[in-house]
Amino acid sequence: MPGSAESLHIQQLVELMAVVSSSTDESSAVQHAVERSAQALEAEVAAVVFDGKVAASIGFPLGAAPNEDIVAVSLHERDVLDVPGVGRCPVATAAWEGSKPGHLVLARWGEPFAIEEQNLIRGMARLLELTLTMLRTLAAEQSIRESLQERQRLLEHLFTIQRAISRREDLQQILDTITLGARDLLGDEISLLWLRDEDDTGRARLASAADATGILPGSALTADMADAATASQAMTVGDVVVRQGGIAATEVVSRFGRGPVCASMGAPVHDSGVVTGALVVASCDEGRVYEPSDVQTLRAFAQNVSLALTDANTVLRMQQAHHDALTGLASRRLFMEQLTQRLAMADAEGTTVAVLFLDLDRFKDINDTLGHAAGDQLLTVTADRIAGQLRAGDLASRFGGDEFAVMLHRVDGPGDAAAVAGRIGTAVGKPMYVAHQRLRVGASIGVALSTSGRTDPVELVGHADLAMYQAKRADAGGYALYDPAAAHPNTRPGAVRA
Amino acid sequence: MDVSGEQEPGRRWMGVGRSHAADSRPAAIEAAQGALSGPDPKLLIAFAAITHDPQAVLAGLAEAAPGVPLVGCTTHGEIGPGGPADGTITVAAIGGAGFQVQTCVATDVTGRQGDAGFEVAGCVSRVDLPHKVLMLLTDGLVRDQESIVRGCYRALGAGVPLFGGAAADGWRMSGAYLFKDGRVLTDAVIGVAIASEAPLAVAVKHGWRTVGQPMIVTRSLDGRVYTLDDRPALDVYLERLDAPPEAYTDPAAFTAFALSRPLGVQRRSGVEARNLSTEVDLVGRSIGGGGAIDPGGLTWVMTGDEESILEATDDACRDALARLEGHAPLGMLTFSCAAIRAVLGDDGIQREGARLDRWAGPLPYAGFYTYGEIARNHGIDGFHNQTLAVLALS
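The listed protein sequences derive, respectively, from chains A and B.
Just so we're aligned: 89 in this note's numbering is position 89 of the first sequence, and the numbers increase by one with no gaps anywhere.
Just so we're aligned: 797 in this note's numbering is position 299 of the second sequence, and the numbers increase by one with no gaps anywhere.
Please keep in mind that the hints were generated in silico from the structure rather than gathered at the bench.
This one's a predicted model, so the numbers in the text were calculated from it and none came from an experiment.
Be a bit skeptical, because a hint or two may be false.
[Unchecked claim] A partial selection of chain A residues facing chain B, derived with a Cβ cut-off under 8 Å: (1) 85; (2) 112; (3) 113.
[Unchecked claim] Chain B regions said to be covered by chain A (calculated; three or more residues, Cβ under 8 Å): (4) 640 to 648; (5) 760 to 770.
Note that CB positions come from ideal geometry on N, CA and C, so glycine has one too.
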């Protein structure tokens, strides 16, 4: 389960999307975005600026918004905004491009916006851009498409997809839903979603595929961009591309039809504002001609793909900030956040939290002798072994280098915590194969238990750290319990145990 | 302009009166007379038990203070010097040349909460002393009170703090009343622009903490939570708390159990409590009550105890008085949550009262147990559950 700061930002993006994407027109979407972004950042002021004009703002008395100042903030010409009755407020702004470029501006009394908050604001601006583009597409769609029934079907499809995105359903399922929805609504037999291969930009990966029978199981197919010509053209042009005829049998799309493919259409998809693939539909019907309304429909579905990808990757980036990239364990920051909460809870409940601080023996030697790759492998295996000894609700973290910390909740006393430390020591100390060598790496573990009325997480980790050095010095059994009497602020590690 | 009470005694004053009499009209007269402790009264704020006859209360107040603007509401208990009480009429009055007061009311609020908030905020434009606050009294049985606060914010912007509470009806949940001059109102919002020569300070605190891992709100609409983690919200909530079997099937048992266990929604500055105890649907297995919980968000079960709640009482008073920028306080309005009362019990609320007494010292204070508290200094939100909201006047 994500940590609180991370989950807060994810939640805020989800809430913004849920509210903004339920808007039925551009002005209400902008107004919702303004209010919801101010709420999320606990900001006094939020505004959206289009073409040098404030389209919506909140935080100033009616009719008294300093629009010129807000525009100046959006252009980075000012870094504070004077808010009557509040004072000079630090600002943050994020811009978006696309068919209708704009800026989201926020101002908040007190401390300037933190880096991660600025990232969140950029994420919000991207979601707003995609939603506004989609609403414009729908407006165009409505003016073109005559059948009310068909329009209703499109709206229902799009609503289902947006709900799925905002409910954080599995990304692959969302992409499959969009691919299938595009096929159904356009009445074609083939629908393919191509994404640029992350390792080789000359190739594309088939992220989702539907033929006349429905969604095809994932094949992880990759192809040269030349063999995904419709997608490739749409990505190059940056807009919908229509091909009537001239589709080679060697193109991947031709494998999915019941006969030669006669027409194809592709729309680019974006991740965080960058073209990253294309949604393609194709037909084997010789009479298939794509109308302007078809172009708009495909565009709407492609924008949903962009929304899903941007959202998923924003979440991923936030998660990465809270997890150690190598081992996948909690980061030090997340660990300390969770420990803070757990200690407060334990103090209230009258239960005990234990922290184990673990340092690998001889890690530096192995890193120096066998190389960093071997060292990384060793750390990954160790992390898995530590995590394997924990109950749900306990938390393991890589603190940095070869240091790990573990939080055990509701322990029954020193004996309970020591037993877990013993189990971890045994598990970590088992032989492992790294860089074609059989290695045995021990660990020194310090154990410290929370005491009633003391809820400082830094102090508790410090105690476990000191105990770890006692364990290293004692060279007995691999772990030591924190002993206040033995602790000395200048305690440093003794000879490293081999 | 900054003319403190010490420089010119009587330029601003606050008084509080209370009557335990059962007869509504004389009780109102007695309470109002007790509150009128200075010249040039500008506003009476009356908190009356739901057991009183509202029309008789208004008649008594009008008799005791003819021509003085009056606002007020029914309660789930009245707060004032001498401790919290039931069945009383408790009246606060402010006055003196150093205060300005304007009032405004919006009716037929349901379905247009935002517009109603926007309308009542209009009274702020009619006061011009340097320190302002908009006090709101709302009907606690109206849903989506956040939108009322948001409507005020749209009109006023960030510069005017908001303070207030939702009228209660002694847990009957059948109808609370608002008082505005000679009128008894339901489905209404009263706005009171209070402006002063000296600082007015708002503070709010809650004493709850989160328990265990968060749940994802997978379906919610209009203040009701239908599913948590894609399962019926009622069952997920009760399972998390190892609730007794009767809470699953008996609405009264559910309410009693859930009152002390709100759901928390995360905000940048901390987790806010949402009381979901009052509108349980045992058939649809959904929960609802005061305050919105958005779909897609994370929520926690929260618990608190007397100690943590009383610490919040201290924190709110300390914070409000500290925000007076060194000016001598005249008194406080203290709006506490009806659900907190249920957690603390009758003895506990006396200890809450003792804490308020200690902070107030010789100064008057008054308030009530509400169905929702309003307090906003920063940001655009200001509707709370399970908190103590304090307005300190100087």
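Violated constraints from the hint list, given by number and in increasing order: 2, 3, 4
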